[in-house]
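Asker: The lines below spell out each chain.
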Amino acid sequence: MNKMLSYLAALLLLVVLVAVDLTSSGINDTEERWKSFNFTRPCFADAQVMQVKKSVQAVGTSDSPAEWLANKRIGVLLGSVHDTYAIKQYPQATILQYKTPSDLVLAVKSGKVDAAFYTHETLLELLRHDTDLALVGKPLFSVPIGVGFNKRNDTLRTQFGAFLKQIRENGQFNDMVSRWILQGSTQTVPVEGSRANGRLIIGTVSDKGLPFTIVKDNRMIGFDIELAERFAAWLGKEPVFMDMEFGSLIAAASTNKIDTIFSTLMITDERKKQIAFSEPYYELGASVFALKKNVSGPEAGADHSPSAVSSFFKGVVTGFQNNILHEKRYLLILDGLKTTVIISICASLFGTLLGAAVCAMRMSRHPLPSVAARGYIAVLRGIPVLVLLMLIFYVVFASVNISPILVAVIAFGMNFGAYTAEIFRTGIEGIDRGQSEAGISLGFTRTGTFMHIVLPQMVRRILPVYKGEFISLVKMTSIVGYIAVQDLTKAGDIIRSRTFDAFFPLVMVAILYFLISWGLMQALDYLERATDPKCRRRKAGRA
Amino acid sequence: MQTEKGWQGMIQVTHLSKTYGDVTVLKDISLQVEKGEVISIIGPSGTGKSTFLRCLNLLERPSGGSIRVDGIDLLDKKSDVPRIRQRMNMVFQSFNLFAHLTALENLTTGPVRLLGMDKHQAEQQGMEILKLVGLAEKAHHYPDELSGGQKQRVAIARCLAMQPEIILFDEPTSALDPTMVSEVLAVIRRLAKEGMTMLIVTHEMDFARDVSSRVLYLDQGVIYEEGTPHQIFEDPQKDRTRAFINRIRSFNYCIDGPDYDLYAMNAEIEAFCEKQILPRKSRHNLLLLVEELLQVYGQQLGTAPLELRIAYSEKHSSLEITAEQTGEPYNPLEPAAHDDDLSLKIISGIARTVTYQRLGQTNRVTVALG
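Here the protein sequences line up with chains C and P, keeping their order.
The numbering used here applies: residue 74 is where the first sequence begins, and numbers increase by one.
The numbering used here applies: residue 29 is where the second sequence begins, and numbers increase by one.
Bound-form chain C, shown alone (with noise of 0.2 Å):
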């Protein structure tokens, strides 16, 4: 009872902490916060600005962005700052939230939105390699950033702030920012230290964008990745990044299922009240950008003609090495195939046996069993696939260490299982009574009956409904990012962070799906084909 107690406190925690950092839309004023802060950036920000007009050329009338903001279609990043910040200021406007930042810029590009709100910093980065986009007006507002720890643990708290306050001092800090944020350098500095201490678990987002994280030749980098790594360095820890949902990244230092949040986090009091901060390490300006031709008039636009139907070609070749090659990102799509594959296929065995278990226990004569399953079946079915996943995860094994993808394999197997017991009971049905009754009669012991007559036939009935119900747990597995599983979906958006191309990882994605669902079906209608008597036959006859 205790138990089940402690288990609805944590559902209820649960709700809140994701209904808090998804929707944050002005539970507390926030205006307190940007006047304290707006004015607070430490020195180095005022010198990036300057770099800002420097290299990019920051378009528009006036400097400030707001009047021409006042009515237009406005996107910003699902439960940030920006999310926030927009629908406080430009109630007139059409507020747009998207989930990742290259959903966002494909947003501004393909003219879903009129503009979009993001961090200043990344913007920069995207600016240099991007011409088709610019900056509106100045940084409007500053936020700080800083590491977040689960409430209980001050220790690591106070270790942080030493190390920062120590990093700070010895020139370190300020060697990273000009590297990181003012050079827009990927290159990677070795952090050497012991890993004698253990582990400390970092969670982050790998699709922040530069230059706080990205991932490059399969592995991440970025300015929070070697802040964490110095700081697990000066620990003496292994670094171990698990890399999340940002909706998640909260709700898992709550539930200690990451010691700490290295990844941009933005200092507000609603996240103050679930896990606490270190003091800011860094400002982030907040800007608006738009498609140059909508900020600049007609001749900014002008010379953008599209070119020839040849360029194509030449686009899906570039394309091809952008996604694809550059940086090693097949390997980010190979561990991604991988791991959906493994949970897809561990997740119906398991599934399998689980509905096969089920489906005995539905058909039993003694009416708790019966009803325990059909209860199991009535909850499983009832639930999304993606709650039942945070549930098991947040919830059922929120204070034990488990892997994410066991977690993945049980949520889909579960779900699974009380699809397939269904399936298993009318295939079960579906074959007369009188053939287990002449099995029997024959000799048979019940089991012998199931065993010998029941199941190849029952086999060979479900499966048409068995293979759909697998493809469909097969594309299911896309939402384990949530869970901080790479999986192929997910290394598709790291790379959509990265090349903010929409075309070619969707596509790539989209057939490699195709080819997993084909191959695993190709498997199962061998299956179907051996279990067919007649096909047997035919076979035996042309033999």
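Derived by calculation from the structure, the hints in this document are not laboratory data.
No false leads were mixed into what you were given.
Within a straight-line C-alpha distance of at most 20 Å, the following computed EDC-like cross-link-like pairs (lysine to aspartate or glutamate) qualify:
#1 P:166 x C:605
#2 C:182 x C:205
#3 C:607 x P:165
#4 C:607 x P:172
#5 C:607 x P:133
Since the model is a prediction, treat every value here as computed from it, not as a measurement.
Put chain P on the given structure of chain C with help from the hints.
Answerer: Frame of chain C, contents of chain P only:
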């Protein structure tokens, strides 16, 4: 496996009963089956013939009584029931062949998996048995490629492949086209000739008469009458048996007084005739006879209710009208009782026989027709 010694009374059933909830299907059945006996079980539908057979190999669990096969108590939890079933196979009304196996595989799966027979040997034996039932050329066909009669013959062959000592037949021809019945019966006849012990639930009366050594007439949840085929079919002792054997359908009507509703009664008699598919002439004669008979009774109808019963024997295609009335002895057939005897003349003109009987307090008039 087969020791002659212990096989004296093969099956011994004592006080077997079976109820489903409130419904009692079998009340109290006791039976002893000897080796080599062929026992036909007949009776109206719904009297538990099939249930009785299914109780014998525990496809249905009896509610009471005991079943001993070769001295082994089937209802004892320690008994190895599957092993006993191997020696006492069953043939079903709906064939119940294993749909995923060929005819031959249907025959080999049991011996290979249950008797531990070598696969090759089982196939050889299977082919021989298929030859015996005339289906060797269908050995590699699947059940859904066979006709009903062929399926049932394969099902019988499947039983034989297990080398059983007893075979229970549960209405083996009821699901068959009339054209296919004879091929299946021929196979069973052959088994009977070879001395197989069999219990056969059937509606094929001629077959039961030919093949059985003993016939059980099951009715009202008990063995209502039993005997040799001759006793049961030619000279049944009890009313229900007789009605069943002669396939008699009857219609009852009670006349309360002289002011009865002739038209309503005629309509009911017409409906009964319709149901029995009687020729128009018989129908016409029947109506005329009933009307004239009631005419003969006249004012006598006022003394007591008259029970009118019309019985039709399908077997002999004959009709019989019985009129019963309690009271003082009264024979309406005596011409003295009437002023005019036209009605009587009509009756004796149409009817084959007309008889009067005094049974206790009852006057009974029987008119036979056709």
